[in-house]
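Colleague: Residue numbers (full-length UniProt numbering): 1 to 188.
Hints are supplied without guarantee of correctness; some may be wrong.
To be verified - With a Cα cut of at most 25 Å, we get these calculated DSS-like pairs of lysine-lysine:
| hint | residue 1 | residue 2 |
| --- | --- | --- |
| 1 | 29 | 52 |
| 2 | 89 | 29 |
| 3 | 96 | 29 |
It is worth saying that the hints were derived from the structure and are not from the lab.
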Amino acid sequence: MIGFNMIICRYAPATQLWRGRLHVMGGSKENRHTPSVDHWSIAVKDGKALEKEWRKEAPIPRGGPHRACVVMSDRLFLIGGQEGDFMPKPGSPIFKCSRRHEVVYGDAYMLDSEMKWKVLPPMPKPNSHIESSLAAIMETYHTKEDDCKRNAYMEAELQCSNGIQSMERKLRIACHASDANIDNVLKV
Numbered sequence: 001m002i003g004f005n006m007i008i009c010r011y012a013p014a015t016q017l018w019r020g021r022l023h024v025m026g027g028s029k030e031n032r033h034t035p036s037v038d039h040w041s042i043a044v045k046d047g048k049a050l051e052k053e054w055r056k057e058a059p060i061p062r063g064g065p066h067r068a069c070v071v072m073s074d075r076l077f078l079i080g081g082q083e084g085d086f087m088p089k090p091g092s093p094i095f096k097c098s099r100r101h102e103v104v105y106g107d108a109y110m111l112d113s114e115m116k117w118k119v120l121p122p123m124p125k126p127n128s129h130i131e132s133s134l135a136a137i138m139e140t141y142h143t144k145e146d147d148c149k150r151n152a153y154m155e156a157e158l159q160c161s162n163g164i165q166s167m168e169r170k171l172r173i174a175c176h177a178s179d180a181n182i183d184n185v186l187k188v
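Make a model of the complete structure from these sequences and hints.
Modeller: As structure tokens, then:
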């Protein structure tokens, strides 16, 4: 639809296509600093909105921008992020910003089939600006970073291949592997 707008502006929200709906979650409010817990969705098909209005969904447990969001096993995962960011200086002709205090999250949440958020164990190391750093491949999470980090993840996956590890544990391993050093193989 041409001219279709979000209900309210948000800075750096998490977005994901899930169950035929485009989900927009969190981000920061208009000042780019105050976290938002808002969660909306709209039905889409072939790149077009099928509804005229956004639907309000269950708010996320903790607001904030710059999170990874991925779908696995028909569940939506929201990972990491932060509170605070650079704020625009009002009236600046060259669009200057001022730095504010930022808190980086290690949070991990899962939206289940009943549309309820579940708090998962946090990542071993908090991380933000990770909007495109995870991908679901064959029901496990893989980072899209450099090869040494992928190799660290693959080593961790081999160590966890006994089938006992839960989906949440695999998620934590993948997030941890994205921060692995080339000489340091992730130990589980």
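Colleague: Hints first: check each against the structure and report whether it holds.
Modeller: Hints, verified against the model:
{"no.": "1", "hint": "29 - 52", "result": "holds (23 Å)"}
{"no.": "2", "hint": "89 - 29", "result": "holds (15 Å)"}
{"no.": "3", "hint": "96 - 29", "result": "holds (18 Å)"}
This entry satisfies every hint, going by the numbered hints stated previously.
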